[in-house]
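Could you slot chains S, G, R, V and U onto chain Y? The hints should help.
Protein chains: 6
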Amino acid sequence: MSDIVRADGRATDQLREVTIERGWSAHAEGSVLVSFGGTKVLCTASFTNGVPRWLVGKGKGWVTAEYAMLPRATNTRNDREAVKGKIGGRTHEISRLIGRALRAVIDTKALGENTIVIDCDVLQADGGTRTAAITGAYVALADAIEWGREKGFIAKKSTVLFDSVAAVSVGIIDGEPMLDLAYVEDVRAETDMNVVVTGRGLFVEVQGTAEGAPFDKRELDRLLDLGVAGCATLRDKQAETLA
Amino acid sequence: MSDIVRADGRATDQLREVTIERGWSAHAEGSVLVSFGGTKVLCTASFTNGVPRWLVGKGKGWVTAEYAMLPRATNTRNDREAVKGKIGGRTHEISRLIGRALRAVIDTKALGENTIVIDCDVLQADGGTRTAAITGAYVALADAIEWGREKGFIAKKSTVLFDSVAAVSVGIIDGEPMLDLAYVEDVRAETDMNVVVTGRGLFVEVQGTAEGAPFDKRELDRLLDLGVAGCATLRDKQAETLA
Amino acid sequence: MSDIVRADGRATDQLREVTIERGWSAHAEGSVLVSFGGTKVLCTASFTNGVPRWLVGKGKGWVTAEYAMLPRATNTRNDREAVKGKIGGRTHEISRLIGRALRAVIDTKALGENTIVIDCDVLQADGGTRTAAITGAYVALADAIEWGREKGFIAKKSTVLFDSVAAVSVGIIDGEPMLDLAYVEDVRAETDMNVVVTGRGLFVEVQGTAEGAPFDKRELDRLLDLGVAGCATLRDKQAETLA
Amino acid sequence: MSDIVRADGRATDQLREVTIERGWSAHAEGSVLVSFGGTKVLCTASFTNGVPRWLVGKGKGWVTAEYAMLPRATNTRNDREAVKGKIGGRTHEISRLIGRALRAVIDTKALGENTIVIDCDVLQADGGTRTAAITGAYVALADAIEWGREKGFIAKKSTVLFDSVAAVSVGIIDGEPMLDLAYVEDVRAETDMNVVVTGRGLFVEVQGTAEGAPFDKRELDRLLDLGVAGCATLRDKQAETLA
Amino acid sequence: MSDIVRADGRATDQLREVTIERGWSAHAEGSVLVSFGGTKVLCTASFTNGVPRWLVGKGKGWVTAEYAMLPRATNTRNDREAVKGKIGGRTHEISRLIGRALRAVIDTKALGENTIVIDCDVLQADGGTRTAAITGAYVALADAIEWGREKGFIAKKSTVLFDSVAAVSVGIIDGEPMLDLAYVEDVRAETDMNVVVTGRGLFVEVQGTAEGAPFDKRELDRLLDLGVAGCATLRDKQAETLA
Amino acid sequence: MSDIVRADGRATDQLREVTIERGWSAHAEGSVLVSFGGTKVLCTASFTNGVPRWLVGKGKGWVTAEYAMLPRATNTRNDREAVKGKIGGRTHEISRLIGRALRAVIDTKALGENTIVIDCDVLQADGGTRTAAITGAYVALADAIEWGREKGFIAKKSTVLFDSVAAVSVGIIDGEPMLDLAYVEDVRAETDMNVVVTGRGLFVEVQGTAEGAPFDKRELDRLLDLGVAGCATLRDKQAETLA
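Protein chains in written order, with full-length UniProt numbering: chain Y, 1 to 243; chain S, 1 to 243; chain G, 1 to 243; chain R, 1 to 243; chain V, 1 to 243; chain U, 1 to 243.
Chain Y extracted, bound-state conformation:
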């Protein structure tokens, strides 16, 4: 895209090294340790037969997500939210985003009256924790659905996941759009955007924020293109992992 070389040697349109390690946890019905460079997120999917009371008898399942960060996942230690006795705004916002992203590709009727809770715990943070979480959570979710199918909680031939979903951050730094920002890039970005895109290339979520100067339509378009391309690479990575 441009000749700029980033601090870690990447091209502007290049993802960091992405790894998706399935079956990381011995207990969860689906689990993944996903890394986007120095960002490491443990995603576990917990499958329960049955749904919350308000959904009983509607023939539909429920998928929800919780995001959290270990106190020393970051460069300086943050107090635990459990110790503070309340969950911060950022945590709430990201948990809600992950849940929406996953629900966009799931047929809750086909899931049946089952609940899947995805926990995304950031073990180490280096930018893009929410996008890594979504990307990994999709794989853990897929595994939990297969577990449910094997146990007979989900019909054998149903299509529960009708598409895949991945996410990536993009941003403008010194006027240049860049893909998958590391923490040192994130703090310098004038505009910061997260895009959540399905395997077929459709948008589930577009969240762009001007951190410095507001941005115009042309910049927005360049960021969206970059994000869609990055998500396509992540989709291939997910498919390969699940193969």
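Do not rely on the hints blindly, as some may be mistaken.
Looking from chain V toward chain R, a few residues come up when the C-beta cut is under 8 angstroms (computed) [as the list claims (entries may be wrong)]:
{"no.": "1", "residue": "26"}
{"no.": "2", "residue": "28"}
{"no.": "3", "residue": "66"}
{"no.": "4", "residue": "70"}
{"no.": "5", "residue": "71"}
{"no.": "6", "residue": "74"}
{"no.": "7", "residue": "81"}
{"no.": "8", "residue": "83"}
{"no.": "9", "residue": "86"}
{"no.": "10", "residue": "87"}
{"no.": "11", "residue": "115"}
{"no.": "12", "residue": "119"}
{"no.": "13", "residue": "121"}
Don't read these hints as lab results, they were simulated from the structure. Nothing here was measured: the structure is a model prediction, and the numbers come from that model. The beta carbon of each residue, even a glycine, is placed where N, CA and C say it ideally should be.
Relative to the frame of chain Y, chains S, G, R, V and U by itself:
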């Protein structure tokens, strides 16, 4: 834009009736009762000379916002967050959005070591509460800044607000992009988007979510165009009110 | 009562201007914006068919109230109780007072197994917020009961409200008993009393507190007389509004 | 007052057996175990040299109170407020009442920059816990003040307490005014009133509530007379204990 | 054991004066005011027919305990946990210990589907509050069980308590093992241990902590011997009280 | 010790496979991923120059620990404590235990006015999480101290850690003492004990609990011997890792 007539008789690219009543509160340094149709939000700006401890001595001011809804602002009563003892994810998310939107047009150096807290309390909700809140909050903020200038807390000739900011919701209903969704439209929308745009037409925030089917780039573009046009109308309304 | 003229020009036995605006909210089954001078309280009554679990099957209804203040209802901003994560003593105390006042004039058997929650949110405070809240809440309650009757949840000819109820503050300032204290008077009062009186002139609640010097029986009697007269005026105002 | 004999054999104008045991706690600067019949309240006064930050340098002291009940002080067990994580409305209300009652008889200038916290913990409840608490708290407060004087924190000859204070409940049962209600009487009372009266016979607080039918002025007067007489007996008891 | 005489004149292997006053509370099904020297703990046992939902239908009962301290039980005042809005680690830990100790000697099948909650509230603290609480709680528990038997909730001839349980603290001070530490001794102890022992002399719980230097096996043995002997004396005291 | 072979093929006196991976986290001053068989705990040590306010100027440092479990570390998912808004008793108790264990081997004077917070987050649980946490935390602590020394916050030649510390669980199953219980063993154990032992073989903490039948002195001795031997093996493992 199209020949479709909406439930309340509006064209697809038409705002609801918007009113911005300045000086609603006797106590606040800036205050506005803003309405977008049936949505009524009371925005008050509280000016304090001085900044939070972590900002002292940096020669910069601080602007923050809190959003809340009265229990019976909606069609059925919601329990108070104060009674539940914690603030929900949606409330946190919107408070953060309003704060970011306002900080995008303010020069905190020119504000000096002063703090302005904007409270946006929804008295009646009919869709678009966050966008009405941002649009009204800007006017309350402008008034609080003038108050601070008159009291001598802010330099006489400084430009504290270098642009204005407004926000509006857009969405796709039955395949048709529409501006400023009322509640009955909002629940039917396949895609829901909020755009925050400065007076000069630049984006501060773009938040689009597929509630039903994911959306493609062409739909996204149509929604953005609609939002930018709506915000321009709101900008004129704000300017007229402040004149 | 005396020749003293108060800061706002009132006689010692004179109420501030009182307005009761019915149907303020589009959603609530009963709603009132009540003002006692600069004090403005939004009272909404939410009607639900059914009662809390502990009352089920007893053939009786339930009426309760919650009082709160917007952060900038007062001269300086107060932190939100939702943000602090707990409700203060004063808020609890006033919520309980309003609930008791309303329950004193309602026949819960005639109400049937229905619940009415009255929310009293102070939009602007200038003394006497709890008494304005009770006075307005009665009107909102009456409207919600009529709504329930029209919907068939309450028997057509039953007498649910067997009396009306209103409240006013009285106090002694510089030795002189005065009716309906504004905030600047309230802070100067040696004795502060709230009386809650039914339409028939009977006491529901008498709460007198010596803020400065303790008071004697003669002073108490003068305050009570003043309060009863004030409540009679408010009763007429309520009746007129409901007519 | 009448020929009625109460369940426990008392006349209508008779207090239950009242005991005030000073120096109950080895650690507190003032402490009292007060009983009104089956109601037992442990009142401890904690003296600290210095005042809360907001009072520093104003040459005045601070007196505050906290009221609480052991889980099994009552006939059936109540969950601990510490376990529930919040303090109930009733607890807040009574804590505030006790604090106001004590501050009504103390000269905070004479107290100097010292803080006294009174804890009133109900060990066993049988009606009138708040009035027993006030009556006992006064004695504990007096002892803590003398302790402060001996330690040199309070000037030798100053008059810190310019009056004493006591409290008692009164109520109307079957149309008959009665003094110092036990629990079985309290639940049957049509009207329930607490009066807080100084040693000189002046009112500090009058809180009357119609639990059943609203009450008229004549009933109110009879209750007040009964309360004032009861408080005079308690004042003598306090004086005797402190002698 | 040694010729050392302690500050209060005791031998190293001597308990403080222990009193167990049964039936202290008028309301609880079992209640005891236990004192170990200056430590006074009120233990009440609340009997409820029925069990928590998760135990229903299993034919077993449930015994649990809660420990707390009045704010001025100690030499300086501690803030109430209810006011702080959360329970501290120490409180939790001791509550759990007391519950485990009591459950070790109860046959929950013989108890039947009944629940007993033991509240241990420290009225005055002078070291060893948790061990006094366990020792007293056993007696209150025994009384509550007899109450349940008399009311017909427990089978007439069943053996619900198959052993008794008591507890005592031991510690090493200046190299010398000592029994039942008072507060001034506790703060000086190099090693601090609590032993919970049944009437038959078996261990239920051994909790030893090096406060200063770590300890060796020989010291541990000497402490255990001392603790077992102390618990045997307490067992006799309990039996005598219950006789 | 006996011919019994355990479910996983171990001898009764054999530890599970123990791994201690240093430098697991890129951000923390010391970090270890420790595993005892299927139990995996991430221990991070956060070094701060300076101490909490109450320690300032005393020339001493502060070491504290926090323990937590990821929601799906266990076989079924547990709700997050941050979501529940409070920390459970078990979590508090273990956090306090880890802190005490580490403070037993550290010379806080030599540490100087520095604070080290150790976070022990259980990523996967299979019994013995608290003992694995202590064993790993010691290594993370040692690394953080060396970091502080290199940065010049700690004197070059001082001995901050005067001993090492490790911990292991022991228990009696079917009458047989066993070392380092896995979860399936833990739930079957009649007696459960955790021992915390220094590198020199001295006890820091002994916590034995009868889960089923109470235990006698002979059984206690056998458990202690087993625990001391297990901790000696862990000490060698720690030393090897730090070499």
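* To do: With a cut-off of 8 angstroms on the beta carbons, see whether residue 28/V makes it to chain R.
  => holds, 5 angstroms
* **Hint validity - residue 121/V Cβ closer than 8 angstroms to any chain R Cβ** => Status holds, d = 5 angstroms.
* Let me know if the C-beta of residue 83/V comes in closer than 8 angstroms to any C-beta of chain R, holds or violated. => holds, 7 angstroms
* Asked: Hey, does the residue 26/V contact hint survive, CB to chain R under 8 angstroms?
  -> holds, 6 angstroms
* Asked: Taking the closest Cβ pair, is residue 66/V under 8 angstroms from chain R?
  -> Constraint on residue 66/V satisfied, holds at 6 angstroms.
* Was the hint right that residue 70/V lines chain R, CB cutoff 8 angstroms? -> holds, 5 angstroms
* Cut-off 8 angstroms, beta-carbon criterion: hint that residue 81/V touches chain R -> holds, 4 angstroms
* Supplied contact hint for residue 74/V, tested at 8 angstroms Cβ to chain R -> It holds, given that the least Cβ distance between residue 74/V and chain R is near 6 angstroms, below 8 angstroms.
* Asked: Quick one, is the residue 115/V hint okay against chain R at 8 angstroms, beta carbons?
  -> Violated: closest Cβ of chain R sits about 10 angstroms from residue 115/V, beyond 8 angstroms.
* Is the hint on residue 71/V kept, meaning its closest Cβ partner in chain R is under 8 angstroms away? -> holds, 5 angstroms
* **Supplied contact hint for residue 119/V, tested at 8 angstroms Cβ to chain R** => holds, 5 angstroms
* Asked: Given residue 86/V as an interface hint, is the shortest Cβ-Cβ distance to chain R below 8 angstroms?
  -> holds, 6 angstroms
The structure fails hint 11 only (numbered hints given earlier).
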